[in-house]
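Spelled out, the chains give:
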Amino acid sequence: MSSADGETLPGVPSVGRDEFDAMVDAETTDPREELADVDADTDLGIEMAEDAKRVARGDLSGDEYWAKHDAAAAAEFGDDYRETPNPAVDAGDQTVSTEAAESMQCTVGSMDTVAAESVGTGDGEGGIGAGDEKWGMVIDLQKCVGCDSCTVACKAENRTPPGVSYNVVMEEEHGEFPNTTRTNVPKPCMQCENPPCVQVCPVSATYKMDDGVVNIDYDRCIGCRYCMIACPYGARYFDFGENYDDEVDEAGEITSPEYGVDRGKREENKSPIGNVRKCSFCTHRLERGEEPACVETCVGDARNMGDLDDPDSEVAAMADSSRAFQLKEDEGTDPNVYYLK
Amino acid sequence: MATESSGFEFEFDPGFESDRLRIAWYAFIGVLLAGGAVAAYIRLTEGMASTNLTSIVPWGSWVAFYIYFVGLSAGAFLVSTMANVFEIEGMHRIDRDALFAAIISMVVALLFVWIDLGRMDRMYFPFIWRQLTSALSWEVHAYVAYIGILVTELYFSMRIDLARVAERASGLRERFYTVLTLGRDDTGEASQAFDRRWLKRAGILGIPLAIFTVHGGTGVLFAVSKARPYWNSGLFPVIFVISALLSGTALVMMIYVLRTKLFDGDSVDPELLDRLAQLLIGFIIIDAALTAIEAFIPLASLHPHEIETWQVIMYGPMSWSFWWFMVGLSWVFPMVLLSKKSWRRTPSVMVLAGLSVVIGIIAVRFNIVIPAQILPVMEGLPHGSYFPTLVEWGSSIGIMAVGLLLYTLGAETLPLTPLGGDHE
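Protein chains in written order, with the numbering used here: chain S, 1 to 341; chain G, 1 to 424.
Treat the hints with care, as some may be off.
Claimed, not checked - Listed next, the in silico DMTMM-like pairs over lysine to aspartate or glutamate satisfying Cα-Cα at most 25 angstroms (straight line): (1) S:Lys134 / S:Glu99; (2) S:Lys265 / G:Glu308; (3) S:Lys155 / S:Asp245; (4) S:Lys155 / G:Glu308; (5) S:Lys155 / S:Glu102; (6) S:Lys270 / G:Glu379; (7) G:Lys226 / S:Asp330; (8) S:Lys143 / G:Glu46; (9) G:Lys226 / S:Glu99; (10) S:Lys328 / G:Asp121; (11) S:Lys265 / G:Asp121; (12) S:Lys208 / S:Asp70; (13) S:Lys328 / G:Glu46; (14) S:Lys341 / G:Glu46; (15) S:Lys270 / G:Glu46; (16) G:Lys226 / S:Glu253; (17) S:Lys155 / S:Asp301; (18) S:Lys143 / S:Asp132; (19) G:Lys226 / S:Asp301; (20) S:Lys155 / S:Asp41; (21) S:Lys155 / G:Glu167; (22) G:Lys226 / S:Glu331.
Stated by the list, open to error - Which stretches of chain S does chain G cover? Using the computed rule of at least three CB atoms under 8 angstroms from a CB of chain G, they are: (23) 32-46; (24) 142-152; (25) 268-276; (26) 280-286.
The set of hints was computed from the structure by calculation and includes no laboratory data. Please read these numbers as outputs of a predicted model, since none were measured by experiment. All C-beta atoms in this analysis are idealised placements derived from N, C-alpha and C, irrespective of residue type, glycine included.
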């Protein structure tokens with residue numbers, strides 16, 4: 001059936017809106033069934049959800065919504081509710097007025113401030129990298145299709161300059177047509193247990209953190225590049241100060257808070273320019289409870305991140321399997337990045 | 001400027017014999033310095049992007065020149081110990097020449113380390129933070145201790161002549177030389193014996209420092225890199241020391257002839273020249289033989305990475321530096337010049353031989369630093385390639401010009417030749 005106003009475009013299937021909506025409805029799970037699995041009150045959940053839809057449609061104001069549900073939510077969720085910040089007051093276009101926000105029983109504050117407070121203080125001591133985990137990565141080479149999206153995701157996440165790429169995929173073709181094979185080996189920093197780079201740094205600017213990640217202190221690195229010479233994996237890159245200014249407007253406006261340090265804008269003569277850089281296992285994301293960008297983005301789910309010290313973790317089981325191996329095992333570096341053949 | 005005095009007669013007239021040569025020489029240094037200043041300015045404003053270095057080849061010409069000048073210094077110093085520690089007859093004449101050249105070489109070497117740092121503003125950090133397992137951390141401290149030894153030695157070697165000169169000078173000149181004696185202006189026998197004793201002590205301390213830490217240690221700095229099989233050998237630091245002795249002896253021989261001719265206006269002692277030349281023959285043979293062993297062992301091991309690196313050196317795009325400079329200029333050509341006794345006693349031929357070695361060893365240093373970085377550390381990573389930019393060449397020449405200037409100023413003012421001929 002064609003749409004009523006006859007705006008059919010050539011080459012575009014003529015499907016009406018109603019059909020789409022019907023498809024969505026068919027896919028939607030029954031809320032009552034879904035909430036039955038949760039401890040919290042099913043009726044309250046459905047009622048709040050229906051009202052939230054009204055707020056979205058504009059039938060109900062944010063203030064009215066919270067006046068109606070604040071007390072019930074506080075009674076149902078207790079401390080969990082009171083300690084959770086209300087995201088509605090985050091932005092300038094907030095849906096809740098300041099007065100209404102102040103009268104509510106839950107914590108009121110922007111998510112950013114709450115997130116900033118919790119980062120690094122989670123363990124109560126030590127700051128970045130002080131976790132009990134031993135972070136490890138397992139890359140399943142059977143699942144890797146060589147799409148390089150890990151490399152792209154890494155560049156986007158860490159905002160690395162030209163010539164610096166914390167993750168690369170080593171791609172090689174073997175054999176002659178028609179008997180050819182292709183191996184793709186994604187290569188981040190191995191976060192070695194015995195890192196040669198740490199051994200050679202004359203100023204101890206690169207060192208191993210408690211959580212197994214090899215850190216670089218950009219405020220201490222003198223840029224002698226001895227670590228790059230010592231690394232058997234070619235995982236380290238020198239920041240020559242180049243920028244993507246020609247490709248992207250204001251490319252240096254934002255930098256990634258590598259190793260938990262926010263350095264603001266990328267500027268000339270400011271670290272990490274003139275320093276050596278490398279993959280940090282996205283420490284800043286790990287600290288927030290997120291996976292590294294390359295792991296999250298991997299289309300084939302080939303990359304896995306977890307705690308190698310936890311015997312129940314998936315990565316520990318995979319790293320222990322007969323398929324597992326490390327790069328250059330005879331170097332004695334004992335990488336915390338494992339591959340599955 | 002001949003000066004009469006009771007009991008001791010000497011002539012002290014340092015500096016160029018010919019004023020025209022002096023002007024030409026300083027003008028030459030001035031041109032080099034000006035070019036170097038432009039290159040250094042670009043280096044400072046554009047940062048490391050002004051080099052041809054990459055993340056694949058992170059060490060280039062500045063590192064090569066750095067180890068070259070450390071070697072030149074260690075070699076020259078070890079030649080000086082033949083006079084002041086081992087007391088080989090007739091060598092006293094070149095004692096101060098060798099020590100002063102060693103000091104200047106070290107200054108030049110450290111300037112190369114400095115310009116090579118990605119963060120030049122943090123050059124003092126290695127003295128604040130250390131790493132016990134880092135060869136480079138140890139090296140930085142060894143260099144400072146070594147410069148201390150060199151300056152101490154030069155002081156004890158030269159003090160009595162500084163005092164003698166101060167005694168007969170007046171005004172500013174007197175003040176200048178008195179300050180350099182550090183107030184010890186006694187020219188008597190007892191003070192001379194004291195100086196000689198302490199000179200020897202400092203030299204004895206300096207020998208292991210120069211061999212094992214300063215230059216051997218610089219070799220260790222490379223040899224510990226297991227990731228680079230070409231460097232990762234026990235013989236490597238030994239060859240470092242031998243090639244240092246080779247270049248240092250050649251430098252001292254060259255300086256001896258040139259300074260005697262152009263500054264002192266004396267005739268060169270053919271016996272001393274012959275002795276230095278024979279020393280040079282010995283070092284060339286040892287250096288070539290050890291390098292052959294160092295090439296043979298990895299080639300015989302059939303380790304693909306090592307074989308490929310040697311192929312890059314011998315047949316790669318930069319193989320001309322191996323054959324013409326390393327083999328030709330530092331071994332074959334000087335060996336030909338040193339082969340005849342009459343040539344070994346001809347100053348001009350020996351200057352040519354010395355110059356040939358001194359230039360040839362530069363290629364040795366480049367062939368140490370660069371080829372090991374051409375082959376990727378892992379299969380699948382790209383190959384490196386490197387040739388210095390104009391900025392790198394220019395700044396390198398500028399830094400060397402600083403060394404030439406410092407050396408010339410020193411040679412024009414200090415009593416580098418023992419006063420009263422071979423009196424000492």
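Need the list of violated hint numbers for this structure, in ascending order.
Hint check: 1, 2, 4, 5, 6, 8, 9, 10, 12, 13, 14, 16, 18, 19, 20, 21, 23, 24 and 26 fail, others pass.
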